[in-house]
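Start from the sequences and build out the full structure, keeping to the hints where you can.
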Amino acid sequence: MSVLSVNKNNFESVKNSDKPVLLDFYADWCGPCRMVSPLVDEIAKENPQYLVGKINVDEEPELAQAFGVASIPTLVVMKHGRIFQQVIGARTKSQMLAMLKG
Numbered sequence: 740m741s742v743l744s745v746n747k748n749n750f751e752s753v754k755n756s757d758k759p760v761l762l763d764f765y766a767d768w769c770g771p772c773r774m775v776s777p778l779v780d781e782i783a784k785e786n787p788q789y790l791v792g793k794i795n796v797d798e799e800p801e802l803a804q805a806f807g808v809a810s811i812p813t814l815v816v817m818k819h820g821r822i823f824q825q826v827i828g829a830r831t832k833s834q835m836l837a838m839l840k841g
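First residue of the sequence shown: 740, per the numbering used here; consecutive thereafter.
No lab work stands behind these hints, which were simulated from the structure alone.
Be a bit skeptical, because a hint or two may be false.
Using 30 angstroms as the maximum straight-line C-alpha spacing, the simulated DSSO-like pairs for lysine-lysine come out as follows [unchecked claim]:
| no. | residue 1 | residue 2 |
| --- | --- | --- |
| 1 | 784 | 818 |
| 2 | 754 | 840 |
| 3 | 840 | 758 |
| 4 | 754 | 818 |
| 5 | 758 | 818 |
| 6 | 784 | 840 |
| 7 | 747 | 758 |
| 8 | 832 | 747 |
| 9 | 784 | 758 |
| 10 | 747 | 818 |
| 11 | 840 | 747 |
| 12 | 832 | 784 |
| 13 | 832 | 758 |
| 14 | 832 | 818 |
| 15 | 840 | 818 |
Below, the structure written as structure tokens:
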């Protein structure tokens, strides 16, 4: 699967997914975000059992505020519509996968 661009219009369907969800809060100007982005893309392509989405904080400030995002990148794992884990800062691919499996 490919990464889903998440916005306020499609967020409810993402939130209510039967699959564990990985959300990457990012901005185009953020250096660490650019390091994380290809890893998030790989996870999406290699793991169809997960729903993977990216949220541009500059374009979706309401979603960023709803999640209390103060620093980026922020990675959020949701399960059954609830936040399961939320971390700030770049993570390795294996760390992100461990968050999803956790």
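For each hint, the structure was consulted:
1. 784 to 818: holds, 19 angstroms
2. 754 to 840: Holds, at about 17 angstroms.
3. 840 to 758: holds, 11 angstroms
4. 754 to 818: The hint holds at about 8 angstroms.
5. 758 to 818: With a Cα-Cα distance of about 7 angstroms, the restraint between residue 758 and residue 818 holds, given a limit of 30 angstroms.
6. 784 to 840: Holds, at about 16 angstroms.
7. 747 to 758: Measuring from Cα to Cα gives roughly 19 angstroms; hence the hint holds.
8. 832 to 747: holds, 27 angstroms
9. 784 to 758: holds, 15 angstroms
10. 747 to 818: holds, 18 angstroms
11. 840 to 747: holds, 26 angstroms
12. 832 to 784: holds, 13 angstroms
13. 832 to 758: Answer holds: residue 832 to residue 758 is near 19 angstroms, not above 30 angstroms.
14. 832 to 818: holds, 19 angstroms
15. 840 to 818: Measuring from Cα to Cα gives roughly 11 angstroms; hence the hint holds.
Of the numbered hints listed earlier, not one is contradicted by the structure.
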